Amino acid sequence: MSATIDEVLEQFYVDTATWGLANWERICGIPVDESKPIEQRRSVIKSKLRGIGTVTVALIKNVAESWYNGEVEVTEQPSLYTVKIKFVSKLGVPPNLADIQNALREIIPAHLAIDFEFSYLLIKDVHNVMTLSQLEATTLDKFAGGA
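Just so we're aligned: 68 in numbering that gives the first Met the number 0 is position 69 of the sequence shown, and the numbers increase by one with no gaps anywhere.
No farther apart than 27 Å at their CA atoms in a straight line, the calculated lysine-lysine pairs in the BS3-like style are these:
| no. | residue 1 | residue 2 |
| --- | --- | --- |
| 1 | Lys85 | Lys35 |
| 2 | Lys83 | Lys123 |
| 3 | Lys123 | Lys141 |
| 4 | Lys85 | Lys141 |
Derived from the structure by calculation, the hints contain no laboratory data.
Small disclaimer: the values here were computed from a predicted structure and weren't measured.
Please put together the full structure from these sequences, using the hints given.
Below, the structure written as structure tokens:
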């Protein structure tokens, strides 16, 4: 009985919810897609909950960083009518980029373009730095131009 109560209580918090994520998604107006990994679904919910208020660099950063491993640097480029978002915590393109783009497009004014920048390993980062076994263990998507 205690385990059942604990499981129900876990559904009240986005970070611990499992089967209750569908309720959170409905509350936030997010289409329920149970085929997505739980961490991605939690990230969408958290970004929706955080994306309330006047749009500032801090708000954009807060929403973008609500994504799983989504640490970013946000730079305004007023003369270009652009907001640049650079992913700094992970190499390559995040697997849930479309969700991140949708969440940010909802809060960033329509007249501003969003420019995404990703980090990759370059030859200078691996030449005489990584061993052959480290290189072999690194997936191609971590390198610039990788698949």
